[in-house]
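K.L.:
The primary structure of each chain is shown beneath.
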Amino acid sequence: MPATIIETNSTPFNKVDIDPVTVDIIENALRNVRVEMDAVLFRTAMSPGIREQGDCFPMVANRDGKMVVGQFGSFIYGFMEAYDGEIEEGDIILTNDPYMCNAAVSHLPDWIVLVPIFKDGRHMAWSAMFGHMSDNGGMVPGSIPIKAETIYQEGIRIPPTKLYKKGVLQEDVLELILHNVRTSEWNRFDLNALVAACRTAGKRCVEIAERFGDDVFYTTMEIMLDRNLEAMRAIINMIVPEEPQYFEDYVCDDGVGKGPYKIACKLWREGDVAIFDFTGTDPQAQSSINFYLNEEMFKMFFGSFTINLFDPGILFNDGFYELVDVRIPDGSLLKPKFPAALSGRTHALGRIFDVMGGVLGQGAPDAMNAAGFSDSPHLFYSGYDKNGEWFQLFQIGFGGIPGRPAGDGPDGHSLWPGFTNVPNEFIEAYFPLRIVRYEPIADSGGAGLHRGGNGLSVAYEFLVEGEIAVHDERWLTYPWGVRGGEPGMRSTKRLVRADGSEEWLPAKCDGVKVQEGDVLYFNTWGGGGWGDPLERDPELVRIDVMRGLVSAKGAARYGVVIGDDGSVDTAATEALRKEMAANRGDVGLFSFGGTIDEIKARALEETHLPAPVSPNA
Amino acid sequence: MTYRLGVDVGGTFTDLLLVDESNGETFMAKVPSTPEDSSIGVLNGIERICSESSIDPKQVAKVMHGTTVATNAVLTRKGAKVGLVTTKGYRQVLQVARSFCPGGLGGWVSYVKAPLMAPLELTIEVDERLDAAGNVVKPLDGATLTTDLEKLKSTGEVEALTICLLNSYVNGKHEVEAAEIARSVFGDIPISISSEVVPEMQEYERTETTVVNSYVRPQVSKYVANLQGSLEDRLGDDVALAILRSDGGLASARAAGESPVNLLLSGPAGGVAGAIYFCQRGGFDDILTFDMGGTSTDVALIQNGQARVRRETRVGDTTVRAPSVDVRTIGAGGGSIAFVPELTKALRVGPDSAGAEPGPAAYMKGGEVPTVCDANVVLGYLPSDVKLGGAMTINRDAAVKAVQTVADAMGIELMEAAEGIIKIVNESMLGALRLVSVEQGYDPRDFALVGFGGAGPLHANALGILSGAWPVIVPPGPGVLCAYGDATTQVQDEASQTYKTRVDAITADEFIAALEELRARAGESFEADGIPVSDQEVTYQADIRYAGQAFQLSLNVTKEELESKGLAVLTDEFDRQHEQLFTFAHGKDHEIVMIRAIVKAKSSLTAELKEVHEGETDLDAARIHDTKFYYEQEWHEAPILDRGKLGVGAVVTGPAIVQEMDSTTLVLPGHKATVDKVGNLLINPA
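From first to last, the protein sequence lines stand for chains R and A. Last residue of the first sequence: number 631 in the working numbering, and the count goes up by one each step with no gaps. Last residue of the second sequence: number 678 in the working numbering, and the count goes up by one each step with no gaps.
Bear in mind the hints are in silico, worked out from the structure with no lab data behind them. Fair warning: this is a prediction, and the values are worked out from it, not measured in the lab. For every residue, glycine included, the Cβ atom is placed at its ideal position computed from N, Cα and C. Some hints here could point you the wrong way.
Heads up, incomplete: computed chain A residues facing chain R, CB under 8 Å, no partners named [unchecked claim]:
id, residue
1, Gln84
2, Val88
3, Val101
4, Leu158
5, Gln272
6, Arg273
7, Trp462
Model the full structure from these sequences, guided by the hints.
P.N.:
Here it is as structure tokens:
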């Protein structure tokens, strides 16, 4: 039974006539609301994950739960479907369980706060925000256990629960929850911050309605939804052909020996409706890499991704959902069956964007990008410092933005909105480790007319004994290039022990013991190249060499010969380019760096790690 | 008898204000700016103002100056070629920055990163390492550094050098060593080291800030030296030149040349200081300032006559860790372009601007796209039938033609479109006002709203209605307010240090000792400039937060308070303010992140500025002629009045337009404007 909202005032909202300028003004005001939510959260949150890296997402939805402002789409409707109870003014709902809200959040460490906004006894809108908590209890520090086989091993599950009832904090519930996590003070503060941000949004919505009138506020939200509907109708017709396009990409492995997992997607248009069909995607994994993908959330990915190509200024929302049909097979990696483990869903979530770019790009090759840093790989380091105090570090890795029509991809950057790195001086001041190197890896970006961004090499020297966990990707399959661009370099994790011995860590592992003086080289992958590298201006290649972004040897991938004095050897360059052009044969739309079989056959030799076993075997 | 001179060099005009220090009498002048060498315009202005007031230039003892030289070097990317020395392993610290791509999901698709101010080809590493406590982990390899610096020098490219090493905010030892080596290799190019410019945690921000300092330093030093020389030639050798800092204090010419990163918002700080000056004298201590120019609008919140100072300065894409008056800038101004995206048919205004070239369509300088200014002309707010201070001709037909394109795209009437443009831009500015007020826990209705800058007085009344901040104040000479600010501020310098200590781990005495050490450092530049300790005032500040939190507050504290109440004086105030801002307080785990000492010279200006208010309260004498304007779907008959002829006590009932040399004030129907005792126009609902 869906949730029931209790209103003390039953006057219906009416659609009224509004001049377009008023709509634009309210749109502006709502844009400010979202900015303010972020501002409140960043300033009051405590964990580095949220406040430094920005791992959190705000939203305002209309009274039906459709997102009017935000970026990850509405999760209200899923929650409303799943929540069997009454909701009153002053209630604030907390949940983290993907299985209890139709995957509104996709793993347990994301805690989501929902606030129904009331004015004069009428339910008028929703504000909501989720943030990644530093810990959620369970098998491992950081609560992303790779080897978990069910969600019960991934820490505390919070079904949709009233954190506040009619404005009163349910302290017993809060303490019960916090008792189950390793970083209770961080979580307490972060949760407070989420609530403060949502309440602020509520206050602002009420103010806007007071200024313009309740019906105007209500109607404007409807009009804003309609605007997106019309804009997306035009875009879909422009970029999605009726003829089906197909693309597949992979999650390299599941951390327990199987992989790569295929994500298959077929796209075509029927009338105004774009259909994404994921039939052919590999079955769910035994480990925690499953990504329970909410269909509505995928629509939002699609919408915001494409609209950025056409009108970055638009205030994006849910209004176009009827124009997209998403089909995901049950029991697949993208729709696993309860109680499959979900905590390591980051990799498939990221890979969805490469899949989307690949399948859409075939319909609009002028606008397409290469494969990029489509993930947020991470490192955990925990233990007791020299004063005997528990510490727990969560670090997100950054890498190469792909080559794009707009130009070269930035080096060591984030594809995720709002994410920033944590200053190394901050980490060294508060955690027992030293970061001895922090720099982009020359030649790791795929060669192209527009170069892929370089991956980042971060060398962590551990200063006390502890345990680390690594969650990484693209160690086996390549970040592909497009339109003649080459793939980027893959990721590696090399652990150099204090005694000088070396080992290559697998992409996904936890419980790895480290000692004082051990150094981990966490090298992320580069972005794919865009366009023909042989057409890149040799002068740009020379500058990249001077800047240490491409090596002199790596310049050869562009057919450019750099002389001993650092200048371009024009004659040798022309000759080399001619030879390369003659030898390379046909350049397809994509370059994947080989078939899966070929890549697997070379795995041990090239990556120092054995190839995983097919999940279908 | 001595005089002080406030000088503000803007893009178009150089404004001057001469003050007789003995009796506060003032004289004003406005001359065209001379962008190729600003000092020429300044000297022209001095000739003008001295001849008009019959004052011997030799009597001018102090020149106080707001400048945009540093700002423009950053905005136009025309600063020095900067070489950079980093810790080994960190050569690409600026290239990676904070890994952030602006925009929403997919924002990276269109993000193009600006070129680095210290290019990688001029960046070298030095083998050395300090730990987070400042202990040497690996000594500096001076021999290799010497070789590498020589190689860098041989490129012939480096015009200024920056040294920023990891963890040097705790201990500058290695930076000082490296700077000595660099000086011996490079000789006389300016060298900036991060532990001196900004000893604060966060390697990217500290590097960027120090690099920006180097980037603008040669230009600023040259400019200041030239100006000083020209002034000495004309005004005598004993003239003292001071430059306005971004935080609203003055720096001596020498100090300004060494730390020009502190001058990036010198211009806006002058406007804020001028607004404070007039409003305080009119009896208003709590104000929101609103400085609307051609391409952008700056807003700030002033409480108790004090501007909030933030620890960050933003100019265009560049953000540095330097204190500045908490001015928020939005890309909406008189030149902002209105357009209608085809997909959504929404009306958007800005952030693109027609700028000075080609400018709004109404100015007939080649502009054809509709701007905010054109909408003002179409609506009659900017009358086309009088010349703007005699300078600019306005063509309404051209404005109509431009705005009509928006009306057609939206399928609405011309006047509706023009009002729409104004409403949208006003809404953006309201957003900026909210940023500095509501979002900081202040209610705008508790403040007066001050509109200035070229376009501010046109929009001020409407923003009063939207924000509820009354009265709306238009100070005298809203276009020359910066010069007033320049002339009325004090010499200031500060020293700061990352402190990073839990409050419960120190005693008040230890804390006081640390503050006093900073005071001595901050006072060094005063001694160099001959200002004795007895003429200095000190303010101590601590940045405090809950350990681990990003949010922090800068709290002022005195030695006396610390002695009598201990450290609780800080923690209690922090809890109180945190609760006011975010509805909750934690009450424990306070951490002091930074401490600083701000030293100011005591004011030497004893006399109040004297405004001359001739003129009548009789409006007929001030009436230029009658016009009409369009507001809320109606035409209104309105007189155009000459502000210069409105005396103290005059009451202008809206609808009316008040015109002066460089500005136009719109008084809307249902409102009235009163001239107060210092010459402010106070607009209130009638």
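K.L.:
Hints first: check each against the structure and report whether it holds.
P.N.:
Now for the hints, and whether the structure bears them out:
1. Gln84: Status holds, d = 5 Å.
2. Val88: 4 Å, holds
3. Val101: 5 Å, holds
4. Leu158: 7 Å, holds
5. Gln272: 30 Å, violated
6. Arg273: Result: violated, 34 Å to nearest chain R Cβ.
7. Trp462: This interface hint is violated because 17 Å lies over the 8 Å limit.
Checked against the numbered hints above, the structure violates hints 5, 6, 7; every other hint is satisfied.
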